[in-house]
Structure formats: structure tokens, C-alpha cells
Amino acid sequence: MAYPEELYYTKDHEWLRVEGDEGTIGITEFASDALGDVVYVELPDVGEKFQQGKPFGSVESVKSVNELFIPISGEIVAINSELVDAPELVNNAPYGQGWMIRVKIGSKTEIDALLTSSEYEDFVAEQSE
Amino acid sequence: MSTEPLLTTALNKVHRRLGARMVDFGGWDMPVQYSGPIDEHKAVRTAAGIFDVSHMGEIEIRGPQALELIQFLTSNDAAKLVDGQAQYSALTTAEGGFVDDILVHRFAADHYFLCVNASNTPKDFAWISSHSAPYDAEAANVSADYTQLAVQGPKAISIMQPLVDVDLGAIKYYWFTRGHVDGVPAIIARTGYTGEDGVEIYFEPSESERVYDRILEAGAPLGLKPCGLAARNTLRLEAKMALYGNDIDETTTVYEADLAWIVKLGKGEFLGRDALARQKEEGIRRKLVGFEMIDRGIAREHYSVWIDGVQVGSVTSGSPAPFLGKNIGLTYLPIEKTAVGTRFEVDLRGRRAAAEVVPTPFYKRVR
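Each protein sequence line maps, in turn, to chains E and A.
Add 15 to the 1-based position in the first sequence for the numbering used here, that's all there is to it.
Add 27 to the 1-based position in the second sequence for the numbering used here, that's all there is to it.
Hints are not guaranteed to be accurate.
Sample of chain E residues at the chain A side, in silico, Cβ under 10 Å [unchecked claim]:
| id | residue |
| --- | --- |
| 1 | Tyr55 |
| 2 | Glu57 |
| 3 | Val61 |
| 4 | Ser73 |
| 5 | Glu75 |
| 6 | Ser76 |
| 7 | Ser79 |
| 8 | Val80 |
| 9 | Glu82 |
| 10 | Ile94 |
| 11 | Glu97 |
| 12 | Val99 |
| 13 | Glu103 |
It should be emphasised that the hints constitute simulated quantities derived from the structure, not laboratory data.
Cβ atoms here follow ideal geometry from the backbone N, Cα and C, with glycine treated the same way.
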């Protein structure tokens, strides 16, 4: 199981990659494994704004629907439209081609509320016990 | 949630060894998936899959009036069965609803074997027993005496043939025989719940692990995969086979479920006959239909269904259809809205998405 060090994480199993004023967001490998085959991803429109921790979309496997919660407040500047025809990218490359949204970050101080890679790894270990 | 310990099949250890994800399914600790529901689903459509369905119940009915008892409690005509033949049927309520949907196998004129839904087994057994007094026949819940495996898919017969001592090619669809699977005495039935050819085998549980592993070993080179309940559900949905508790229950009649072919009003008196005869005469007001999503999104059970701004029902089964590559489902619609091509909307957690009534089954194998 991979926990890339440069990312920030939520207890809802989303990740955030910060690059300048923008953040890219997806779900973790742990989450995509737990979901199984992802068959559908519902994403917001570019321009929509979300407050940290609010639902911004959903990811569905054959068996289940799971809400997605945004790790940081911001405005959507891009969505991964490849997921429309290839939702399996979420399973195949959760930290890469399976990314979901890119936001213009509202406040970087919100990052303090997120987990680091090692904190998230510990959290997952606890969950799995 | 109940705090009772989960029931397990004789193959529980095997599922864990194979890396299955286990879930509580109606009180049973069952494998929901191994390699993944899409992979497993496609394996069954293109090669074969093996399912442990030992949670299913088995009820035997014996006695000189076994047939009379079954005829009174079911809507199909069990008198048409001969030894070695099986029949899909309904245990009906007085109102023509489903106590359960079942398979009736005739062993002999005075000996029948019912395969019933896992979670309904105690209810069915109590129901049958409570009606058996007037008949010289007795019901026995023999569920614990059997492991049930389903081997399904276009290659199922060729995988199983070398392992059995009967000619599987001579068993027609919905017939069965007694024989041996890898030396173990078994009931071998050409039945299934996937829309594919295949067999369901019933045998004594002590040999379960060996038999299962033997089939897996023999079938793997031909593409056979262990399959869980998730694939079983999507397979049966593509084939439009009803799921008890979702698509049918005590409040839905056999006619409403679009299963008129298992109602034989002419066979004589049976429980629910009057209600069904009346419904046939007056016409049903709603019917179970298959639909396909037109807009993006997956309809799932309990999602509300709307026509012209009015809620007309809810989805009873809904899922992606892995082989067809569509999102499909079943729902009861007002009878005047059931024609193929009728559009309606499904509420996908706040977003209304268009769906359309389509011909069923969604998937039909090429014979």
C-alpha cells in the first residue's frame, strides 16, 4: 500500500497535492482497494466552490456509493474528465491518472487540519485492526 | 443489527484462503468478491465461475400426498414434473404474493426437494409445516445436510464432465440426476441463477473443501474463477431473474412480478389462486419492468422513480451491468407506463436522471 510522502490526507481517505496556489485531489489507494472496481465517478462543475470537509461528488463501485469530501476549501478549476469513460483509473492509479479535481486553494492554513503521510498510514493501520 | 454469531458454510476457510472479501449476508458470513465483481461477472459470461451458495435452504417433502401439499402451496403446476425434473415456482400467500420463490425438484412421486432462499428458509419451513396437517405428507428442513455449489458459464459443462460419473449432456435445462462429483454422492441439476448454462450441485458438507478445490483446479486452465455474491447479483439482474426481498416479496403478486408463466390457474385449487384469478380478470395495476439509464449515473435499490413530477415507485434492483456495459435496473411501474420505450426519471441522491423501459431479459445467452 502506497502513502506518497508529498501528499496530505483526510480520515475520509482523500488526498491533496499542493502545487503553488492549486491543489489536486483524489482518493487514496486504501480507499480504492476497499471500494473495489470503480464504475462511476460523479464530479462537480468547474467554477463551483466548496468549504473544507463538504461533499463534492461521489465514487461508485459495483456494490456501493461513497461520498467524496473536499480536503481543503476552494474553487474547482479542473475536473478529470477522463474518469467519465475510464473510472477504473481510480483503481489503477489513485495518486496519478485517477485524480479527480483541481482547486484554487482558499486558505493554506487549512492544511494544518490534514494528516501527513505517516499519520495517515497509522490511521489506516488502526482502521484495519 | 443482530449480535448473533454469523452462520458459516462448510467452505468458509476456503473463501478466506482465496482472499475473498467476506460480508454479513442475511446472517451468513459469505464471500462478496474474490478478484472483483466485474472480473468474476465476465468470467461467468465468457468461461465459467464457481459459487458457494450453501446458504440456500433445502426442504424435503415426503409422503403419499407430497404432491397435493406442494400443489396447494405453490402457483406452478408441480403435477407436470416427472422424476428428475425441476421447476421454478412460487410459494404464494392467500393474496397471491410471494412467501418465497423456489425450485421444486421431483425425486419420486412421494418425494420432493425444494431449494429456497437462504433468509427465507425458517419462514418457508414454518409456512409449509403449518399447512401440512390435512395432507399425508411431511416437510423436513434439510439445509444443514447440503453444500450447494453453482458452476456456471459456457465452459461449465466441459469443466464438470470429467469430474462426474453421469453424462451432463444428457441432462436437459431444469432437469437433474443423482450421481457423484469427484466420488461424492450428489444431486446434479442443470439449473442456475446467472443466465448461463451450468450446474448446481448439492452434496454432503464434509467433502466440501476437497470437491471445491478439485473443481477450481480442473476449471482454472479454462478460465473458471471463484465468484462471490456481488457477481451473482449482477449476473442474475442482467438475466432479469427476480431477487426475493428486492424485486418480489409478500406484497407483490406473481402477476405483478411479470411471472405469469409460473401461475397455472387451471391446475386446481391453491393458496392465492382466488386472488390471482381475480387479478388476472381485473388486470394488474403495476408491473415489474427492466430499465436502462439514459443519463449518466447508476440507479440503485430504493431510489425513487418519477413520472411527470409524481413519484410512482422505487427501484427494486439497480446496478451497473458489467457484461452489457450499461446501468440497468428493475422497478414496478403503473401498468399504463410499462411499454418498452417509456421514459421516466430516477432520483440519484438529489439529481433526476432519465431512464427508459427496455425489453428483458437484458442479457440472453446464445444457445
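Going down the list of hints, with the structure as the test:
no., hint, in the structure
1, Tyr55, "holds (5 Å)"
2, Glu57, "holds (7 Å)"
3, Val61, "violated (17 Å)"
4, Ser73, "holds (7 Å)"
5, Glu75, "holds (6 Å)"
6, Ser76, "holds (8 Å)"
7, Ser79, "holds (9 Å)"
8, Val80, "holds (7 Å)"
9, Glu82, "holds (9 Å)"
10, Ile94, "violated (14 Å)"
11, Glu97, "violated (15 Å)"
12, Val99, "holds (8 Å)"
13, Glu103, "holds (9 Å)"
In summary, the numbered hints that this structure violates are 3, 10, 11.
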